[in-house]
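Asker: So the chains spell out like this:
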Amino acid sequence: MDISMDRRRLLGAAVLGGTGAFVGATALGSLAPEAAFASGTSEVAPGAPDPDFAEGRVTGIEGTLLIVAGSDGTRWRIRVTNGSSVWKLRPTTFGAVRVGDGLYARGVRLPDGSLAADAVWVNIVNLHVHVASIARNAVHFDHRGKRIVGWVVPGTSAAVYNDTPPIADLSLMKVGSHVQVLGAWIPDTNEIEIATVYAAA
Amino acid sequence: MAGLYGVASWFCCGNAWGPCGTAGHGACGTCNSGSYQHAWPNTSDACFAITRPDSCGEYLNRRTCGFTHYTTNLCNGRRVATQIADCGPQTDLFCGQTVCCGGTNCTWNRLIDFTPAAFSALGSLSSGVLPVLITA
Numbered sequence: 001m002d003i004s005m006d007r008r009r010l011l012g013a014a015v016l017g018g019t020g021a022f023v024g025a026t027a028l029g030s031l032a033p034e035a036a037f038a039s040g041t042s043e044v045a046p047g048a049p050d051p052d053f054a055e056g057r058v059t060g061i062e063g064t065l066l067i068v069a070g071s072d073g074t075r076w077r078i079r080v081t082n083g084s085s086v087w088k089l090r091p092t093t094f095g096a097v098r099v100g101d102g103l104y105a106r107g108v109r110l111p112d113g114s115l116a117a118d119a120v121w122v123n124i125v126n127l128h129v130h131v132a133s134i135a136r137n138a139v140h141f142d143h144r145g146k147r148i149v150g151w152v153v154p155g156t157s158a159a160v161y162n163d164t165p166p167i168a169d170l171s172l173m174k175v176g177s178h179v180q181v182l183g184a185w186i187p188d189t190n191e192i193e194i195a196t197v198y199a200a201a
Numbered sequence: 001m002a003g004l005y006g007v008a009s010w011f012c013c014g015n016a017w018g019p020c021g022t023a024g025h026g027a028c029g030t031c032n033s034g035s036y037q038h039a040w041p042n043t044s045d046a047c048f049a050i051t052r053p054d055s056c057g058e059y060l061n062r063r064t065c066g067f068t069h070y071t072t073n074l075c076n077g078r079r080v081a082t083q084i085a086d087c088g089p090q091t092d093l094f095c096g097q098t099v100c101c102g103g104t105n106c107t108w109n110r111l112i113d114f115t116p117a118a119f120s121a122l123g124s125l126s127s128g129v130l131p132v133l134i135t136a
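If you read the protein sequences in the order shown, they are chains C and W. Numbering (the numbering used here) for the first sequence: 1 to 201. Numbering (the numbering used here) for the second sequence: 1 to 136.
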């Protein structure tokens, strides 16, 4: 049986059937985000919107249900279960989500139209920027003509220089250079917390 | 087209929250973060002049808006079909960037950027980059 279909059925059952379904979910293996992407081919037509993917800002939290206003006007109801992975600068739990957060989510559409989340990425951004200045605890980036402050988070922020493993030392970035920064946006600001910077050393 | 091995990343486009709020709908005017779309470095002469994949030794076919590529994540075998909706990535700024699956199945050079919907169908958005095989 296809693993991804098993996981999808269990996510749906977890939302509708209670905690008994979670025994089966862990028996299938890891609940980490990578396990949600077991081998398979997506059925969505090229160029088309993905009905199992949500984007928007959290406008309400009702128990384990996220009410999300999509940027295109769609109103999403996203159900987060023990089988869902949540990322907010780092892997975390549902309790870290706040009203006002932006998010992307992928999961399974349920008969009531809600989305049972496989994975939720809160405030995640992946920006191509120029390095304007580097301070001890922050890097200032230029993004499309606007300034973004990237906060260095001790124990979390890391840099990948060329093809080396991630390291905590961000000082090897060069002012004026072009880098890619993966991080978590701080809502309603021009600031992000840095998860990973990809740069040439 | 014979398969191309390279590095994939993701970007946001269309109306969206945060720093993506001013991203616009890409060079093709159709890009949206929730659709199965991607950016390609050689969609036009103007695009190629910016991305310069040849600087990294990559000679990519000219493909225009709406063309479909098929991309496989080398780490998990997931495959998506997406349409070109933008110009990018800026390949020449990441020449030699190497990404591997746990030390094996390594690819290099940034050749394709996906919308969040498409990238998340291949792997986790928090990965940032993936080693992929691209076919037409």
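Keep in mind that the hints are not guaranteed to be accurate.
[To be verified] Pair by pair, the computed Cβ-Cβ distance ranges are:
#1 Ile-67/C - Gly-21/W: 16 to 22 Å
#2 Arg-77/C - Cys-106/W: 36 to 42 Å
#3 Arg-75/C - Gly-96/W: 16 to 22 Å
[Claimed, not checked] Not everything, but these chain W residues come out facing chain C in the computed CB check (under 10 Å):
#4 Tyr-5
#5 Ser-9
#6 Ala-16
#7 Gly-21
#8 Asn-32
#9 Thr-82
#10 Thr-98
#11 Asp-113
#12 Phe-119
#13 Ser-127
#14 Gly-128
[Stated by the list, open to error] Listed next, the stretches of chain C that the computed footprint assigns to chain W, with coverage defined by at least 3 CB atoms under 8 Å from CB atoms of chain W:
#15 97 to 107
#16 119 to 128
#17 133 to 143
Honestly, the hints are just simulated from the structure, not real lab data. Every residue, glycine too, gets a C-beta built ideally from N, C-alpha and C.
Asker: Going through the earlier hints one by one, which of them does the structure break, listed in rising order?
Answerer: 3, 4 and 17
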